[in-house]
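Could you build the full structure based on these sequences and the hints that come with them?
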Amino acid sequence: MKAFITASITDDVLEELQKKMEVTYESWRDTGNIYFDIKEMVEKLRNYDVFITVADDLKKAELFEQTNLKLIASCRGDPFNINLDAATKRNIPIIYAPNRNVVAVAELTVGLIISMARNLTKLDRFLHSEDFEIIEFEDWINCYNKFMGSELESKTIGIVGFGQIGQRVAERLKPFGVKFLIYDPYVSEEIVEEYGDKTDLNVLMKESDFITLHAVATDENDNLINEERIKMMKSSGYLINLAKGSLVDYDYLYGALKNNEIAGAALDVFPLEPIDEDNEFLELDNVIVMPHIGGNTTEVINRQSKMLLKDINIWLNNGIPSHVLNPEVFEGYKEKKEILDKPSNKFKEEIVEICKKLLSDGHVIGSAGNVSMRIKKGDEEFILITPSNVNYKEMEPKDILIIDLEGKVIEGERNPSVEKHLHLGIYKDREDVNAIIHSHGMYSTILSTLNLSLPPIMEELVPYLGGEVLCSDYGEAGSEELADNVKASLEDRSAVILANHGSLCCGGHLEGAYTVLKYLERGSKTYYLAKLIKEPNLLPEDTIDYEMDIFELFKESKKI
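Heads up, my numbering is the position in the sequence shown plus 1188, with the first residue counted as 1.
Hints are computed from structural coordinates only; laboratory data are not their basis. Quick caveat, the model's predicted, so the values are computed rather than measured. Hints should not be assumed to be uniformly reliable.
Cross-link-like lysine-lysine pairs, in silico, DSS-like; alpha carbons within 25 Å at most [said to hold, decoys possible]:
| hint | residue 1 | residue 2 |
| --- | --- | --- |
| 1 | K1227 | K1190 |
| 2 | K1581 | K1746 |
| 3 | K1545 | K1747 |
| 4 | K1367 | K1446 |
| 5 | K1586 | K1565 |
| 6 | K1722 | K1675 |
| 7 | K1545 | K1586 |
| 8 | K1534 | K1746 |
| 9 | K1422 | K1616 |
| 10 | K1719 | K1746 |
| 11 | K1208 | K1419 |
| 12 | K1394 | K1343 |
| 13 | K1386 | K1343 |
The calculated label-pair distances, taken between Cβ atoms and stated as ranges, are [said to hold, decoys possible]:
| hint | residue 1 | residue 2 | range |
| --- | --- | --- | --- |
| 14 | Y1332 | I1222 | 38 to 48 Å |
| 15 | P1459 | E1416 | 26 to 36 Å |
| 16 | K1227 | P1373 | 38 to 48 Å |
| 17 | T1406 | D1466 | 47 to 57 Å |
| 18 | G1550 | D1237 | 27 to 37 Å |
| 19 | D1199 | E1416 | 44 to 54 Å |
| 20 | D1237 | D1620 | 39 to 49 Å |
Backbone N, C-alpha and C define an ideal beta-carbon position, used for all residues, glycine too.
As structure tokens, then:
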């Protein structure tokens, strides 16, 4: 097995790959080479089985027809540079790295907004220029007055596109006390309501102080921010584009900035890239120009490297990778879908019913938390799981996804919960667990923010919870680190508290998991309120041992 790599990957992942196959590593960062010529690419890839790429042009069908590639791995969240149809016709799986750069882009967006609000880039340019000279005190005063900035508090931030990046931008800006206007026709009002107001694009353009673009590049979105909409902006308004150059009428934007019709812009993407020294926006003092560096962080390289290594390992072991654009190329994929017949609809209805119960009982708000159930069909196992970003009030059985134990979607149009790793890790470790509820109940969440475990303080708790409920170490939501931490703290119990992230309860069936949740919340409330007065007394060891025997009986009998 031979692999050719032009993408950037970490040394440790490169070493792991070299243990499994013969590797030629020519990172585009080192060689300065991105392949666009089809003949050159065919010649280069002729003797390779695996190609790991990020920016090379794989749009021509000849590439797939004239090489013997067996796998293509793209270090992108949107591999638009790959001809998916041509790859699928040749049964070549395309694996990719979704959300690898969402944190990097969101953080840079916030940094740019702050920089423009405080005129930091303009100030820095001035201080490094020959114009900066302080002879008289009046010179310093002039400089001080010239670069007066503004605070973000009470400003209106318009976010166009409220997916993974848009939501992270809002999350990071919330502490500044800003107001959000959000435009995204594909996101529910309930999700938006957690941050601000959902509105139409024209209102957003007129009323926002800062407008940041995070929409997907589609035919529908082509020239979305056109001349008419740029004219709607406040004269004090700023435009930030870290999404795609095709979203904006750059010709008109240039004129608007040059004539000071709007205050400024920060641009990381352009219709024609890469940019060079002749880019006309470089002439303008009120524009921050960047050469598409939104995802240019060491963490992005670490993240994409680990994601691809994991999926390559699954592929080498004849499995279906977690992040694959064309799973239909794998044998057995269609058969797996057919295994999941009508009975699964009944289970989907049960999950939706539990979700609405969680909402009405106050254990979740909006789309927070997630629920899953394991089902078995002969030797096959599948997981039914709630989708990402769907409000429980609006959730329907058709929204529930079916995934395999590697996280690959077998059935469903939406994305599975970002916490799928959390659920899958437990199912793989615990044969006795067939249902999991991750929620943000009031009192277990209080304990989670205090990093407190729930000790055995009442006899009625132990048979349902399995003794002391530990608080796991913190991990970022949706990360494998969080999944590993939770699994380590759960052990053989029925519940675990997640540091700063609510709780997780499991059982042999959904009602059992929900019963565990109710006992956990009751116990957390009792413990928290008692602790306000003094340190609560714990049960004697012999009582705990006796109640733990009942816990084991409850598990075996499927009472919980």
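Results for each hint:
Distance hint between K1227 and K1190 is fulfilled; the C-alpha atoms sit about 20 Å from each other, no more than 25 Å. Restraint check: the Cα-Cα separation between K1581 and K1746 comes to about 29 Å, which exceeds 25 Å; the hinted pair is violated. For a cut-off of 25 Å, the pair hint linking K1545 to K1747 stands: about 20 Å separates their Cα positions. For the suggested pair K1367 and K1446, the alpha carbons sit about 28 Å apart, so the restraint of at most 25 Å is broken.
Restraint check for K1586 and K1565: satisfied, since their Cα atoms lie roughly 20 Å apart, inside the 25 Å limit. Proximity of K1722 to K1675 is assessed by CA-CA distance (about 31 Å); at most 25 Å being required, the pair is judged violated. A C-alpha spacing of about 18 Å is found between K1545 and K1586, which places the hinted pair at or below 25 Å, so the restraint holds. Between K1534 and K1746, the direct Cα distance comes to roughly 20 Å. Compliance with the 25 Å bound is thereby established for this hinted pair.
Between K1422 and K1616 the CA atoms are separated by roughly 55 Å; this puts the pair beyond 25 Å, and the hint is violated. With a C-alpha separation of about 33 Å, the suggested pair K1719 and K1746 falls outside the 25 Å cut-off, and the hint is violated. Taking the CA atoms of K1208 and K1419, the gap is near 57 Å; set against the 25 Å cutoff, the hint is violated. Of the pairs offered as hints, the one joining K1394 and K1343 holds, with about 13 Å between alpha carbons and a cut-off of 25 Å not exceeded.
Taking the CA atoms of K1386 and K1343, the gap is near 16 Å; set against the 25 Å cutoff, the hint holds. Between Y1332 and I1222, the C-beta spacing of about 46 Å keeps the proposed range 38 to 48 Å intact. A hinted range of 26 to 36 Å is violated for the C-beta pair P1459 and E1416, which are about 19 Å apart. In this structure the supplied range 38 to 48 Å holds for K1227 paired with P1373, their Cβ-Cβ distance being about 43 Å.
At roughly 29 Å, the beta carbons of T1406 and D1466 sit outside the given window of 47 to 57 Å. Hint check: G1550 to D1237, Cβ distance near 54 Å, so the stated range 27 to 37 Å is violated. Between D1199 and E1416 the Cβ separation comes to about 50 Å, which falls inside the hinted range of 44 to 54 Å. Taking the beta carbon of each, D1237 and D1620 are about 41 Å apart, inside 39 to 49 Å as hinted.
In the structure shown, a violation is registered for the earlier hints numbered 2, 4, 6, 9, 10, 11, 15, 17 and 18, in ascending order.
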